[in-house]
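Engineer: What follows is each chain in one-letter form.
Number of protein chains: 2
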Amino acid sequence: MSNTPTPPASERTEIKRVAVRGNYEREQLYSILDACYVCHLAFVQDGQPFSIPMLHWRIDDGLYLHGSPGSRSYRHLKSGAPIAVSVALVDGLVLARSAFHHSINYRSAVVLGQAQAIETPEEKSRALDTLVETVLVGRGSECRAPSEQELKMTGVLRISLSEASSKLRSGPPVDEEEDYDLPIWAGVLPIETKIGAPVPDPRMNAAQSLPDSLRTPKLRIK
Amino acid sequence: MSNTPTPPASERTEIKRVAVRGNYEREQLYSILDACYVCHLAFVQDGQPFSIPMLHWRIDDGLYLHGSPGSRSYRHLKSGAPIAVSVALVDGLVLARSAFHHSINYRSAVVLGQAQAIETPEEKSRALDTLVETVLVGRGSECRAPSEQELKMTGVLRISLSEASSKLRSGPPVDEEEDYDLPIWAGVLPIETKIGAPVPDPRMNAAQSLPDSLRTPKLRIK
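Chains as they are written, first to last, in this note's numbering: chain H, 1 to 222; chain P, 1001 to 1222.
Everything labelled a hint here was simulated from the structure, so no lab data went into it.
Glycine is no exception: its CB is placed at the ideal position from the N, C-alpha and C atoms.
Some hints here could point you the wrong way.
Where chain H lies over chain P, by a calculated footprint (3+ residues, C-beta under 8 Å) [what the hints assert, rightly or not]:
#1 1031–1043
#2 1055–1065
#3 1092–1106
#4 1112–1125
#5 1186–1197
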């Protein structure tokens, strides 16, 4: 919890409560967005909010999503509807002396904005290349590139990161001063994300050796 | 991807696209909600959707959230505003022969509804006890229980799970039939959640031995 709050990017993303956990630094925002595979996209239709888990990726100051261009939600997003996107990673369970001060260590980010469809094939192709590379570094050059038809079947949306904020908690529990004398174990139980051993597709030609991307895999999750 | 689609709980949560991945079974819904520490809560204010990562827990057919009763968002939720909640866990990276068929293995759930505030101290107390136990089995009896004042400072909301659905992908990649002959490694890189070694609070009395809850920790994340 060594955050120093700095001025928020906009009133709408300002963290109103627990301001000490707010951090509006861009580098932190980028690293949290990059560390998550899945974001949660919120949008509104007929007054009803929806929240959909989606794969996302980032290029510079843009957050990218892809989907089926004919789908109802894609068309809604493309129309410029207001959206919110959030991500969160759990880093540990914070076990305090009091039930009340139990918490979790986490990193999270929130983005508000509108989506813009990427229309030119070159730009779309570049964005999708980055998606494959973001999922697993080096994978892009190992697999078959998208056909023209596959590119047509994939809609790509970009959301500017101009209105966004990130927030995290780290470190030990913070208890009431009088509770520190209680005979209770306190601390943090870390939660870690690990990769397992690659599982070959049963339908794969047995002669395929493990590709470079999987020898020392570079993942988004950190 | 061995899901058999069954009739959706309501039109609003029906998965419109990729219906083969839909599964409306209650047990699956519960297990996915229980396996996630953090949900993403979407609500609307002045037409703008917001998405906020929050700790959640489940009791029977209710999803619970807690917050500061005086906060703007808590008061908005308590007023019966329509909300959506989603959770997602990433289980693996699906490395197909084609860039297009790359995917992730995941488990996700979506809930639509409204929140109801839990007002009676007994019910609130019971819900918060369950929260501590849900984070780490056995922890509730090891820490100091909430004071009356702490209970007053904690608002608890319940959302019925009557309108909810879950969705998952598992198993190997699915490629175009003609791509199976390509000399490309295909398969799944599993993503696993592990717990690390407990980190004692530096301010802890050195005489505290590791509590029972941490000897063989039972976590939500599975």
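Engineer: Give a verdict on every hint.
Structural biologist: Results for each hint:
no.	hint	verdict
1	1031–1043	holds (count 6)
2	1055–1065	violated (count 1)
3	1092–1106	holds (count 11)
4	1112–1125	violated (count 1)
5	1186–1197	holds (count 12)
Hint compliance for this structure: hints 2, 4 are not met, and every other hint is.
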